[in-house]
Amino acid sequence: MFANLSDRLTATFKGLRGKGRLSEADIDGTIREIRRALLDADVAVPVVKTFTGNIRERALGAEVSGALNPGQQVVKIVNEELVSILGGEARQLRHAKTGPTVIMLAGLQGAGKTTLAGKLAHHLKGQGHTPLLVAADLQRPNAVNQLQVVGERAGVPVFAPEPGITRDGERVKGNPVKVAKKGVKEAEQRQHSVVIVDTAGRLGVDQELMRQAADIRKAVEPDEILFVIDAMIGQDAVATAQAFQQGVDVTGVVLTKLDGDTRGGAALSVREVTGRPILFASTGEKLDDFEVFHPDRMASRILDMGDILTLIEKAEKSFDQAEAARMADKVSKGEDFTLADFLVQMQQLKNMGSMKKMLGMLPGMGQMREQIENFDERELTRIEAIVQSMTPSERDNPKILNGSRRSRIAAGSGTQVSDVNSLVKRFEDAQKMMRAMSKGGGMPQLPGQGGGAPGAWGGMPGGKKSKGKQAPQRKVKGKSGNPAKRAQQEAAARNRAATGPQAPAGSAFGLGQQQQEDFDPSQLQQDLGKYLGR
Amino acid sequence: MDVSWIPGSADLVVVIVAAIAVVGGAGAALAARRRGPSARVDEPARASAPTTEPATAPETTTAPEAPESRLSRLRGRLGGGLGASLLALLSKGTLSDDDWDELEETLLLADVGASATDDILAALKARLRANPDADPRAVLREVLIEIVDPSLDRALALGPAGQAAHEPIIVVGVNGVGKTTTVGKIARVLVAEDRSVVLAAADTFRAAAADQLETWGARVGVPVVRSEREGADPASVAFEAADRAREGGADVLLVDTAGRLQNKAGLMDELGKIVRVVSKVTPPVEVLLVLDATTGQNGLTQARVFAEVANVTGIVLTKMDGTAKGGIVVAVQRELGVPVKLIGLGEGADDLAPFDAEQFVDGLLGS
Chain A
1 MFANLSDRLT ATFKGLRGKG RLSEADIDGT IREIRRALLD ADVAVPVVKT
51 FTGNIRERAL GAEVSGALNP GQQVVKIVNE ELVSILGGEA RQLRHAKTGP
101 TVIMLAGLQG AGKTTLAGKL AHHLKGQGHT PLLVAADLQR PNAVNQLQVV
151 GERAGVPVFA PEPGITRDGE RVKGNPVKVA KKGVKEAEQR QHSVVIVDTA
201 GRLGVDQELM RQAADIRKAV EPDEILFVID AMIGQDAVAT AQAFQQGVDV
251 TGVVLTKLDG DTRGGAALSV REVTGRPILF ASTGEKLDDF EVFHPDRMAS
301 RILDMGDILT LIEKAEKSFD QAEAARMADK VSKGEDFTLA DFLVQMQQLK
351 NMGSMKKMLG MLPGMGQMRE QIENFDEREL TRIEAIVQSM TPSERDNPKI
401 LNGSRRSRIA AGSGTQVSDV NSLVKRFEDA QKMMRAMSKG GGMPQLPGQG
451 GGAPGAWGGM PGGKKSKGKQ APQRKVKGKS GNPAKRAQQE AAARNRAATG
501 PQAPAGSAFG LGQQQQEDFD PSQLQQDLGK YLGR
Chain B
1 MDVSWIPGSA DLVVVIVAAI AVVGGAGAAL AARRRGPSAR VDEPARASAP
51 TTEPATAPET TTAPEAPESR LSRLRGRLGG GLGASLLALL SKGTLSDDDW
101 DELEETLLLA DVGASATDDI LAALKARLRA NPDADPRAVL REVLIEIVDP
151 SLDRALALGP AGQAAHEPII VVGVNGVGKT TTVGKIARVL VAEDRSVVLA
201 AADTFRAAAA DQLETWGARV GVPVVRSERE GADPASVAFE AADRAREGGA
251 DVLLVDTAGR LQNKAGLMDE LGKIVRVVSK VTPPVEVLLV LDATTGQNGL
301 TQARVFAEVA NVTGIVLTKM DGTAKGGIVV AVQRELGVPV KLIGLGEGAD
351 DLAPFDAEQF VDGLLGS
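Protein chains in written order, with the numbering used here: chain A, 1 to 534; chain B, 1 to 367.
Please keep in mind that the hints were generated in silico from the structure rather than gathered at the bench.
We put the beta carbon where it would ideally sit given N, CA and C, even for glycine.
Warning: the hint list may mix true and false statements.
Ranges between beta-carbon positions, derived for each pair [stated by the list, open to error]:
| hint | chain 1 | residue 1 | chain 2 | residue 2 | range |
| --- | --- | --- | --- | --- | --- |
| 1 | A | Arg32 | B | Pro160 | 28 to 34 Å |
| 2 | A | Ser84 | B | Asp97 | 30 to 36 Å |
| 3 | A | Val205 | B | Arg276 | 55 to 61 Å |
If the Cβ cut is set under 7 Å, some of the chain B residues that face chain A in the computed set are [what the hints assert, rightly or not]:
| hint | residue |
| --- | --- |
| 4 | Thr106 |
| 5 | Leu108 |
| 6 | Asp111 |
| 7 | Ala207 |
| 8 | Ala208 |
| 9 | Asp211 |
| 10 | Gly296 |
Taking lysine to aspartate or glutamate and the EDC-like style, the derived pairs with C-alpha atoms no more than 20 Å apart in a straight line are [as the list claims (entries may be wrong)]:
| hint | chain 1 | residue 1 | chain 2 | residue 2 |
| --- | --- | --- | --- | --- |
| 11 | A | Lys49 | B | Asp101 |
| 12 | A | Lys286 | B | Glu230 |
| 13 | A | Lys49 | B | Asp269 |
| 14 | A | Lys350 | B | Glu230 |
| 15 | B | Lys264 | A | Glu186 |
| 16 | B | Lys264 | A | Glu377 |
| 17 | B | Lys264 | A | Asp259 |
| 18 | A | Lys49 | B | Glu230 |
| 19 | A | Lys49 | B | Asp98 |
Can you build the whole structure from these sequences, using the hints too?
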């Protein structure tokens, strides 16, 4: 069973390494795999067709570079194409020049409009706007109620003149068009800068409701009409997107429920069908689980490639901020990473959930999938026990560990001396590497480590998954191919990050300016790979 | 590097921990700087929902539409979609390569999924080869029916009405698939069958979810057990409802749970707890997984994980009234063998139909 596209392609290209150019038959095999991967990710059939057509053309024309094996080359092309389709014209919300900015939300039932209304309001409030929520969903029982609760949580006023369906009648009372219009007027009077109109969920085939949506649109003349769509949607995404495009002429798309494990091919379909950019992604049930959409990460997700960025984000969420900042300081100042630090980090790591899952997110771990599968989570506890059996001075300075100390530690932690030895040895290697990194003097040079060019990632045997994903980004960032130089650049970036003003928040879903920083961990991981005896 | 050293998981851990420590450190430090101390907005404590007084006099309930007419409606809706194009295709007689491609695409477009589509086409091909004179359409019908398997029991496993057996039915699913609406509709059908029903609003998470269920309860005229405050332990609400169903001598206890994504381990544990707690009073006779017909291949993952945690006994396929073809049914049943028991056809109180394999496939083929 192949877990992802790069694995599949690697298998397809087995024995093709020596070839300088891909034959048409090779390409056909590749295209089949790509097609299957995209279909499995719920990308719509017509979109897959045009997409694979483009890939075929590019793959036929492409010279296979010496650094990449053909599989990697194709993955790179696929990834670039995906990003270019998804990314086209990323843009901010359009705000009205005068009067309140009106944002209308539309979408299928259960896509998450009401929840999103609250999140969007919260987001805008954080930017200094004064949003007003308008409850124009009079269809679903207690939708108005829900919006009021959501508004209360977000600390944003809700305009709800009509109670909607609560309990008494099945007949819809009140006119959503009027409610929306009144809401905008209300906002003008009370000087709100943004009005968010939450409308009822409707099906694309429901003529009557689509007309109602169009009426609302006409009545309030929104600056943005956001089409809210569930990331889990399948082939129906195309029909739905078209219906809404024709019905209310959406201006932007919001993907919801991206915190699930769906691959989210719908993003690609909707982008391609409507030609409208995806503006936001909603990634959880809490009010601040809301992000600006970033195409590159979505591309990796559709292809099911390792997601180092998600990992970082997870770490951000569950790590103690103060502790993490102390750690980062320590590393950048060139102080040694001690076993005591290691223990603290490991305990934080436990908060992040299953190790197996996290390992799976690291790019390149596909090679070790089996090892990961067999990994015993209790191993963590055992290591913790070993470190805890050390005295504080031993933790700060593992060099003093002589034979008798080691056997005491082994006895104290219920392990063998060899376990202690192995831990200490690995730890020293890791420490050395971190020291080298923090000095900015370059990565430890290891055989097969050629530098930052994508090909050098092949220091680990087999295809490296993240190649396609990382390579284009690196070009944009203008990072040096020389590891030593790059480490210097990174150190410089770090200093800048420490002193200078920061880019706007909310870029956790992809490339913010901090991206340069985010890369050294993945680089580090590459080096760590060496220590895995591979 | 120590050549003699054989990598073990202990060493893997060290390396990974070190890696992640740096990842987390750098990332978190950045995040902290990026946000700045003042920019951090604490989420306000979950406010209690504005409570509305429950209506005392339930509306008079009318019996739901007869199943036959609903089914014909279903068939009509399905026939127009996948059925029509298949019909057009298959009435051509012999199939060329292009036709096969088109056929494959039709199945894929219906969200049947790549591997299920391959299997269906392979089966169709094999049979046509063995029997070249057969009507392709009849053969495809056979194949599809075999996959959907009409022999599976699709009735809700309830005892006879009026026994006060307080049999629990638990409704589970991801967010926004229509669980609460489905609970309301099932309650209506059960009431129409002269069963006494108690609803449990174990969705204590989503704003106003309990209110929504109460609205349904009032419509159908059945009591709803809910928590006074939001964010209560859903298992305690479920238990209280089970207890009340037993004391009140109700026939059926319908538990509505909060939507949860299947990859949230904590929430899935919570669901396991709800099921366990309800089982203390009476083991649930049905655990229904609600799947949205528009869901793509992720529906399979959902079914798999929910089946693991809550031992799903049946599937309710909702939102079949849209343009979605609902082909995910085929994939889910093929994978897990859990039958689709009910189909949701809209927002109306009667828009719930029993799933019938043969009629479903007939509907697909438009015959």
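Here is how each hint holds up against the structure:
no., hint, in the structure
1, A/Arg32 / B/Pro160: 28 to 34 Å, "violated (55 Å)"
2, A/Ser84 / B/Asp97: 30 to 36 Å, "holds (32 Å)"
3, A/Val205 / B/Arg276: 55 to 61 Å, "violated (41 Å)"
4, Thr106, "violated (9 Å)"
5, Leu108, "holds (5 Å)"
6, Asp111, "holds (4 Å)"
7, Ala207, "holds (3 Å)"
8, Ala208, "holds (4 Å)"
9, Asp211, "holds (4 Å)"
10, Gly296, "holds (3 Å)"
11, A/Lys49 / B/Asp101, "holds (12 Å)"
12, A/Lys286 / B/Glu230, "holds (15 Å)"
13, A/Lys49 / B/Asp269, "violated (41 Å)"
14, A/Lys350 / B/Glu230, "violated (29 Å)"
15, B/Lys264 / A/Glu186, "violated (40 Å)"
16, B/Lys264 / A/Glu377, "holds (18 Å)"
17, B/Lys264 / A/Asp259, "holds (9 Å)"
18, A/Lys49 / B/Glu230, "violated (48 Å)"
19, A/Lys49 / B/Asp98, "holds (15 Å)"
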